[in-house]
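Student: Protein chains in written order, with our numbering: chain W, 8 to 518; chain R, 8 to 518; chain P, 8 to 518; chain S, 8 to 518.
Source of the hints: derived by calculation from the structure; they are not laboratory data. One or more of the hints may lead you astray.
No copy is singled out in the list; a pair is fine if it fits within one copy or between any two copies.
[As the list claims (entries may be wrong)] Computed list of lysine to any residue pairs in SDA-like fashion (alpha-carbon distance at most 25 Å, straight line):
(1) 113 to 21
(2) 182 to 134
(3) 113 to 317
(4) 113 to 28
(5) 113 to 60
(6) 113 to 164
(7) 182 to 213
(8) 182 to 209
(9) 182 to 265
(10) 113 to 321
(11) 113 to 319
(12) 113 to 55
(13) 113 to 196
Predicted model only: the values in this text are computed from it and were never measured.
Protein chains: 4
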Amino acid sequence: MLSSAWRRCVGTGRMNLSLRRGHREALALAREEIGFEMIRGHGMLSDDMGVYREVEWQGERQVRHVFAYLDEVVDSYLATGVRPFLELGFMPEALASGDQTVFWWKGNVTPPRSYPEWQGLVRGTLRHLVDRYGIEEVRTWPVEVWNEPNLSDFWQGADQAEYLRLYEATAHAVKEVDAELQVGGPVLSPGADEWWAPFAEFVTRREVPVDFVSRHAYTSGPAQHVPFGVYQDLRPPQHLLEQFAAPAQHLTGTALAGLPVHISEFNTSYRPDNPVHDTAYNAAYLAPVLAAGGEHVESFSYWTVSDVFEEAGVPASIFHGGFGLLTHGLIRKPTYHLYAFMARLGEEVLAEGVDHLVTRHADGRLAVLAWQPVDGSPVTAADRHHVRLSVPVGAGVRRTGTGAGSSEAPQPGQPRTAFVLRRRVNESDGNAWTAWQDLGRPASPGARHLDLLLDASRPAVEHSSVAVHGGRVELDLHLAQHEVTLVEVEAVRDSTPPWLDDTRIPGYGRP
Amino acid sequence: MLSSAWRRCVGTGRMNLSLRRGHREALALAREEIGFEMIRGHGMLSDDMGVYREVEWQGERQVRHVFAYLDEVVDSYLATGVRPFLELGFMPEALASGDQTVFWWKGNVTPPRSYPEWQGLVRGTLRHLVDRYGIEEVRTWPVEVWNEPNLSDFWQGADQAEYLRLYEATAHAVKEVDAELQVGGPVLSPGADEWWAPFAEFVTRREVPVDFVSRHAYTSGPAQHVPFGVYQDLRPPQHLLEQFAAPAQHLTGTALAGLPVHISEFNTSYRPDNPVHDTAYNAAYLAPVLAAGGEHVESFSYWTVSDVFEEAGVPASIFHGGFGLLTHGLIRKPTYHLYAFMARLGEEVLAEGVDHLVTRHADGRLAVLAWQPVDGSPVTAADRHHVRLSVPVGAGVRRTGTGAGSSEAPQPGQPRTAFVLRRRVNESDGNAWTAWQDLGRPASPGARHLDLLLDASRPAVEHSSVAVHGGRVELDLHLAQHEVTLVEVEAVRDSTPPWLDDTRIPGYGRP
Amino acid sequence: MLSSAWRRCVGTGRMNLSLRRGHREALALAREEIGFEMIRGHGMLSDDMGVYREVEWQGERQVRHVFAYLDEVVDSYLATGVRPFLELGFMPEALASGDQTVFWWKGNVTPPRSYPEWQGLVRGTLRHLVDRYGIEEVRTWPVEVWNEPNLSDFWQGADQAEYLRLYEATAHAVKEVDAELQVGGPVLSPGADEWWAPFAEFVTRREVPVDFVSRHAYTSGPAQHVPFGVYQDLRPPQHLLEQFAAPAQHLTGTALAGLPVHISEFNTSYRPDNPVHDTAYNAAYLAPVLAAGGEHVESFSYWTVSDVFEEAGVPASIFHGGFGLLTHGLIRKPTYHLYAFMARLGEEVLAEGVDHLVTRHADGRLAVLAWQPVDGSPVTAADRHHVRLSVPVGAGVRRTGTGAGSSEAPQPGQPRTAFVLRRRVNESDGNAWTAWQDLGRPASPGARHLDLLLDASRPAVEHSSVAVHGGRVELDLHLAQHEVTLVEVEAVRDSTPPWLDDTRIPGYGRP
Amino acid sequence: MLSSAWRRCVGTGRMNLSLRRGHREALALAREEIGFEMIRGHGMLSDDMGVYREVEWQGERQVRHVFAYLDEVVDSYLATGVRPFLELGFMPEALASGDQTVFWWKGNVTPPRSYPEWQGLVRGTLRHLVDRYGIEEVRTWPVEVWNEPNLSDFWQGADQAEYLRLYEATAHAVKEVDAELQVGGPVLSPGADEWWAPFAEFVTRREVPVDFVSRHAYTSGPAQHVPFGVYQDLRPPQHLLEQFAAPAQHLTGTALAGLPVHISEFNTSYRPDNPVHDTAYNAAYLAPVLAAGGEHVESFSYWTVSDVFEEAGVPASIFHGGFGLLTHGLIRKPTYHLYAFMARLGEEVLAEGVDHLVTRHADGRLAVLAWQPVDGSPVTAADRHHVRLSVPVGAGVRRTGTGAGSSEAPQPGQPRTAFVLRRRVNESDGNAWTAWQDLGRPASPGARHLDLLLDASRPAVEHSSVAVHGGRVELDLHLAQHEVTLVEVEAVRDSTPPWLDDTRIPGYGRP
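Turn these sequences into a full structure, and let the hints guide you.
Tutor: And the structure:
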């Protein structure tokens with residue numbers, strides 16, 4: 008069985024950006040074509056969401072919680088068919104103990120000046136959500152405490168003791184609202200595996216609730232800066248899978264062993280301005296990760312669905328190395344296509360390899376994902392790759408979707424041909440980024456250029472009829488550089504009436 | 008200048024079918040992507056439109072005109088941005104002098120039993136249209152009297168004298184409503200050029216109004232029947248252009264010389280069940296006709312926009328050789344793509360040839376249509392074709408649609424590269440008909456198969472950057488069998504910032 | 008509990024009309040606002056659906072089943088969220104034993120010339136549907152054999168023996184496809200209760216499958232004809248409920264006792280051109296029928312959803328006494344509003360009366376339907392009616408949908424006020440028919456007039472805050488002539504902050 | 008003639024908020040139903056639009072202009088059919104001379120640290136817009152220099168000399184791009200008429216281009232603060248018209264006399280948190296202003312179209328006294344209805360009064376706006392108002408939009424009846440604000456409550472048929488408290504066939 012961990016969640020920029028039309032259109036498109044089930048973003052409690060408010064009335068300070076924006080965001084998620092994966096953070100200025108911020112949009116990363124007031128905010132927020140959406144619904148939403156507290160950029164001083172205090176206060180506040188809400192942490196960045204032991208020890212000793220654990224995974228090295236961007240090397244893709252597997256390994260033998268693990272962010276580079284995100288290379292690199300990631304974790308969440316994202320400021324160009332599967336203007340990037348290909352795979356895995364994944368649908372159709380293996384190194388991969396597979400068709404093919412026939416009688420026997428439809432994404436096909444280079448990299452393409460880029464972004468489609476021998480079809484797949492390809496194969500039930508003879512059509516006769 | 012005669016009008020089945028959702032969606036799609044300006048169909052006055060009604064009240068027969076369906080149809084045309092090209096016919100049963108009918112849907116093709124009552128119907132209908140849509144609007148709609156009266160299938164006995172009588176009565180009735188309404192005929196089928204002289208003589212002698220003349224053009228030979236279909240040979244495409252030119256030739260020296268000529272129907276085969284209509288061959292065959300037809304006539308109207316059409320009964324399969332540019336389910340056929348390619352051409356013609364048409368837009372962009380020439384004969388054309396063109400770019404290129412730049416200063420000088428985007432339709436690309444063959448020709452594909460066919464129906468898209476030398480670009484176009492191709496070329500304004508170096512992206516470095 | 012029999016099914020004209028855009032829009036609107044679950048129409052096998060086809064090939068006759076139109080119709084139903092209630096009929100011309108037809112659109116009502124070929128058609132059709140939509144889905148679709156065979160208009164000679172033969176052959180053919188498909192009959196018109204006994208006797212004796220029984224119900228008297236229309240008197244509404252109850256009574260003691268009963272058509276008048284269908288009177292008349300009908304039967308299906316209907320020919324005017332809940336152009340008639348009001352009722356019935364139905368939703372909200380009782384007689388009802396009700400609110404009110412609050416603490420105690428929103432339909436409010444009369448009855452209103460009529464068709468909406476005393480609210484409802492009214496009542500949770508004082512707004516201060 | 012100054016422009020919050028989905032939906036709705044032609048907002052050059060960027064490359068500082076967000080905003084305006092009214096401001100941080108900011112969202116209000124760099128930004132921005140949208144288009148967009156420089160909140164120190172310097176530098180920069188671009192100022196707030204003389208003197212003396220002048224108009228007094236809101240008294244509505252007229256008066260005799268005057272903001276209160284904006288009172292108050300404002304100025308722009316607005320922070324409740332014609336969630340406020348009523352008026356003014364405006368369309372239809380006059384004082388107005396009018400109908404009535412008739416002959420003579428359709432907005436009808444009060448003021452209503460509020464927000468609609476005597480109709484309009492009403496009157500062309508007799512319908516007979 009192919010786990011659906013790969014599409015259980017996707018990331019997004021700060022929650023306020025979900026109010027943007029461009030963001031909502033991107034999420035709706037990805038929901039429809041890929042089927043993401045949840046979405047996770049930062050800044051739910053930051054001031055641009057307007058939740059935590061202090062006012063003075065008749066000489067007294069009063070706290071008010073205002074959920075208008077949060078409701079609009081969550082309403083829109085649910086209307087799109089996607090549930091929120093809640094991340095509690097960052098700190099409202101009025102509740103903060105300091106003024107350190109992260110990102111261009113200035114999320115406050117200091118502890119609360121009062122833990123009881125923070126707990127009030129957590130309880131008030133979750134009670135409101137339960138009130139509005141119903142307890143059965145909200146129990147399906149993971150609630151994560153903060154983001155990457157092991158980094159001083161995200162949590163003042165990367166103070167572990169203070170994070171454990173925050174975690175404890177928060178987890179109890181969540182459970183006060185409802186004991187079955189799911190709470191978890193510690194949302195570590197890569198390179199912080201030394202936090203697992205103290206986290207497990209702390210929550211065990213103090214009997215703090217933990218329903219799941221989570222971490223992030225990236226494989227990029229140090230950033231080499233240029234204006235509006237960076238370059239970075241990558242480790243091999245296997246390294247991502249190792250990061251996925253790490254929490255379970257580190258928690259073995261602790262009270263947290265066996266808890267669900269969410270990779271609540273992952274990507275190649277952790278920078279929102281690394282051009283690798285826009286490339287076919289990124290798709291080829293991630294193909295084996297998507298194929299195998301579900302063997303390790305409950306979910307792994309691509310960071311992010313859309314280039315509507317401002318952690319490094321307002322993007323300077325339509326392609327700017329953003330995390331998004333989709334650009335502003337809704338151009339599908341190669342990695343988007345990889346996800347869309349995954350969404351067409353069958354439930355049953357027939358074969359896995361370093362460059363392919365063969366799956367079968369319940370009705371017998373096959374879907375094969377193949378890719379050129381790449382290793383993250385700076386140098387160019389070979390300019391082609393060859394995958395040869397023999398796959399079974401026809402046994403147990405259900406009869407569906409074919410329409411009229413010449414008689415009532417079903418057709419017996421084995422199919423003689425299979426229909427093969429192949430979709431290709433590489434440096435040329437399904438690649439608006441290279442088309443945009445050919446166009447001279449217009450920063451903000453006008454409507455006409457955008458239309459050309461959208462046309463260039465569609466995967467190439469090839470169809471053919473292939474012979475079935477002994478219930479099998481031979482697939483001989485030549486991949487171009489950095490190609491990710493999807494091949495769909497189904498046994499043909501021939502409905503051709505006996506009187507048709509295409510050679511009688513002008514131009515089709517035998518010469 | 009490239010005349011827009013090629014898209015001034017398109018045909019449709021009987022007007023009642025315009026009430027169908029499938030028809031409206033097809034028209035809307037074609038309007039948006041091709042830009043047809045008018046639409047013409049049969050049966051406006053046939054009983055399934057319910058216009059002419061006789062009732063009895065207090066012992067007296069009364070005539071009522073009911074315009075509910077006609078209004079719904081015309082409203083929908085106008086809402087789509089398309090105007091009606093009115094064809095007055097066929098005969099309401101209650102007004103008919105006989106019971107001969109044409110088509111599966113039984114249009115009555117006999118003269119009126121009373122010319123005054125027919126005139127009343129014509130006046131009533133046009134007055135209603137003027138009342139509802141305004142006189143300025145209705146004056147732009149050609150009003151054609153009957154359809155192919157030279158064929159006994161369409162006009163009882165192919166009685167010329169009776170048709171002239173009908174024409175006279177009708178033309179006067181039209182002008183009684185408003186002298187500036189445009190009326191015309193005689194709507195001849197191919198092979199009836201002997202009607203021109205008597206028509207011209209008659210209307211001249213009796214001072215009957217004629218604002219335009221019209222005829223039809225097809226190039227298919229005798230039908231060889233099989234169940235649900237026919238095969239036919241075709242004459243060469245030049246023969247269509249000769250038919251376009253014929254009215255002007257035949258009317259030279261008559262009082263009708265110089266009148267606008269409308270080809271109010273044309274296609275390869277005149278049968279709604281000839282598979283040639285579904286092929287890439289049909290597109291390649293018609294490419295030179297669309298390129299040159301406007302040199303002869305005011306309009307030439309492809310018969311028809313959609314396979315929602317029932318002259319030979321309910322279609323037996325999604326692909327059934329129908330006239331439509333679009334199938335049921337809105338699959339674009341190759342000839343649809345030819346039209347969509349035409350719609351992307353520029354206004355200025357730089358070069359014409361037997362296999363190409365080079366055009367330029369006002370902003371300097373080029374659009375080149377190329378095709379494999381075919382001659383209509385049964386035998387297969389060569390499996391490839393080569394077109395080599397040298398085209399000018401860059402001089403006079405307007406700066407549009409490029410977005411941000413690094414400075415205020417415009418870039419001087421000649422472009423060094425051009426962006427080339429090519430779209431291809433042939434036996435494999437942009438060809439759902441051959442994909443459907445590969446699928447085993449399902450008569451009524453289910454949703455999943457329909458989606459595959461829609462994917463297979465998209466033209467292949469290729470992009471590249473080519474060098475500009477001496478203000479020109481060399482295009483070396485290899486066409487596959489029966490290919491029609493569109494090449495768009497524009498000078499590039501390079502916006503690449505100096506700090507970008509793609510070789511620093513993982514996988515793109517020099518090995 | 009309020010049964011949902013009232014919305015389990017709705018009728019439509021012949022199935023071919025479901026291809027019309029106007030029909031589909033009507034069905035989609037009714038589905039969204041009313042929630043009909045199934046749709047039933049005539050003519051599934053009539054020639055304009057093109058299913059049964061005979062061709063000759065190599066000297067032999069062959070039968071082909073063509074499902075293109077049927078698939079398009081069923082696809083559209085399912086896409087709208089509505090399932091088909093299949094009626095097998097009428098007879099394809101090529102399979103008919105005679106040429107008697109019914110309706111303007113000429114459905115053939117003669118027995119098959121060959122029962123084996125008819126069975127082949129039935130099996131072929133159901134096998135195709137199972138193939139396309141899956142067996143689980145198709146098992147939920149009732150399959151009815153023919154329509155009103157007790158009337159000689161619908162079944163040649165109203166020949167009971169022949170119908171029983173048809174039923175037997177058909178039921179067996181259905182079950183050959185799948186034993187769990189549901190088949191039933193005898194689809195009687197009103198006034199044919201003498202058929203129940205022989206039907207029950209026949210199917211019992213010969214062991215013919217019957218999964219449900221069905222009949223129709225109308226209360227109109229003889230037609231008094233005028234051009235394009237009729238007038239008829241009506242029996243009281245109770246008479247409809249008696250017709251609903253009749254099958255169970257007549258089958259008591261037979262082997263068919265206890266089978267599900269479907270009223271597969273009902274309305275006031277059985278004529279598609281009786282103006283009563285357009286009136287508020289029709290809504291007031293049917294209100295008690297919708298309120299109580301579910302006590303008698305599994306479903307009762309309003310005939311029909313839309314005025315896109317042609318049994319008496321093309322309608323002569325936008326309002327023409329058609330069966331539709333919606334006109335051409337999608338104007339909601341008063342009876343449509345009655346249905347939409349029903350759709351807002353709660354699941355629990357608190358009180359029923361001759362002029363009201365009080366219901367409660369699971370969350371404690373009340374929904375009250377009230378109407379002026381009318382009896383079907385020609386004379387005018389009183390010009391007003393008064394309904395006074397005391398209803399409980401507040402106990403067990405769930406907290407939902409209210410948004411932000413000033414604190415975490417839930418509000419304790421009883422509500423002090425209730426929010427009341429009332430919607431009214433009568434001779435003036437929510438009544439485009441009387442507005443159309445005021446406009447001079449334009450037969451085919453232009454866009455501007457249609458917009459005015461759409462505005463006039465909206466129910467009046469009134470809101471108020473009423474005091475809660477002892478957990479109850481007093482409703483004092485004054486109804487205008489022929490009014491149907493919906494009153495929604497919910498306990499208020501007051502979120503007004505203490506600092507608000509509306510009298511400080513200009514114009515709202517106390518004078 | 009009724010000038011269209013009232014809908015020539017509408018205001019919006021900072022331009023960045025135009026990226027929000029809620030904003031775009033509001034603008035699209037208002038465009039469709041009201042027809043605003045232009046839109047003006049603050050903050051085009053503020054940092055959240057990301058236009059002005061400084062980077063370092065190879066040791067040198069470089070300026071880049073990034074137009075991605077600006078393009079997205081302007082694209083969306085134009086796609087909606089609305090043009091931008093450009094306001095140049097506020098200052099990018101990197102270009103600012105100080106750090107004073109205005110609003111919750113912190114627009115920098117200090118002069119540029121370098122006027123040449125500011126001019127570069129102005130030129131770069133306008134050149135880009137011309138490049139993208141074409142010079143003909145951009146010449147239609149007014150370009151305003153800064154906002155309310157006479158207030159120290161908006162321009163550091165309210166420094167007049169510095170503003171004149173800014174104006175001069177900016178106007179020249181604009182004209183360097185194209186001499187026909189329209190530039191203007193000084194965008195004064197109310198109470199700053201002493202600026203007109205020095206502005207006129209300065210630009211005349213130094214030959215600075217001025218194509219139009221602009222100011223703002225509000226009538227509210229000092230703010231009385233409560234949490235999340237204020238209360239204020241209002242001056243009478245006539246005071247707004249006096250403010251409209253002031254620029255022309257003050258510029259009489261100067262070189263600027265006769266220039267177009269734009270009121271680029273107006274409303275009752277200048278606060279985004281005054282509940283008066285949500286009331287029917289606001290509509291009644293503004294009715295005479297909208298009726299007469301076009302006599303004084305080229306445009307007067309309601310501030311603002313939507314409650315998507317954050318100058319005072321994130322709104323704390325769905326109704327919060329925001330400027331918007333539409334709330335979050337797209338509830339139409341009473342003042343929105345006033346605008347929508349204005350949009351239904353005819354071009355010709357037949358009569359004006361203190362409580363009414365009678366207009367006629369080109370086709371003879373009348374549209375009458377009536378309102379209860381109010382004066383802005385705190386005390387409550389009378390609870391009703393009576394307007395009696397005699398209006399002409401029928402002469403010169405064009406025949407349009409009526410559809411079928413019984414014969415060809417047009418109907419002669421005078422109409423005997425008129426169709427009257429009245430729409431009402433007052434404290435109960437068309438008033439979601441009072442419904443929301445009845446509901447207990449939920450801060451963030453859930454989907455079900457929002458639907459109720461949307462239903463409650465529709466104006467009441469009443470239709471009737473009234474007799475025409477002597478070519479006139481008597482209108483006797485009883486208005487409820489704070490009512491604004493629209494009455495549409497048109498002569499009826501009666502199409503009733505002779506055989507219809509409604510008393511033959513059950514329930515409609517004479518008793």
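Student: Does each hint hold? Answer for all of them.
Tutor: Verification of the hints:
1. 113 to 21: both (11 Å within a copy, 19 Å between copies)
2. 182 to 134: Only inside one copy: residue 182 and residue 134 sit 11 Å apart there, 54 Å across copies, limit 25 Å.
3. 113 to 317: both (10 Å within a copy, 17 Å between copies)
4. 113 to 28: both (22 Å within a copy, 23 Å between copies)
5. 113 to 60: Both: 18 Å inside a chain and 18 Å across chains, each within 25 Å.
6. 113 to 164: within (17 Å within a copy, 28 Å between copies)
7. 182 to 213: within (15 Å within a copy, 66 Å between copies)
8. 182 to 209: Within one copy only: 18 Å inside, 66 Å across.
9. 182 to 265: So residue 182 and residue 265 pass the 25 Å test inside one copy only (21 Å; across, 52 Å).
10. 113 to 321: So residue 113 and residue 321 pass the 25 Å test inside a copy (13 Å) and across (17 Å) alike.
11. 113 to 319: So residue 113 and residue 319 pass the 25 Å test inside a copy (10 Å) and across (19 Å) alike.
12. 113 to 55: So residue 113 and residue 55 pass the 25 Å test inside a copy (10 Å) and across (12 Å) alike.
13. 113 to 196: Intra 19 Å, inter 33 Å, cutoff 25 Å: intra-copy only.
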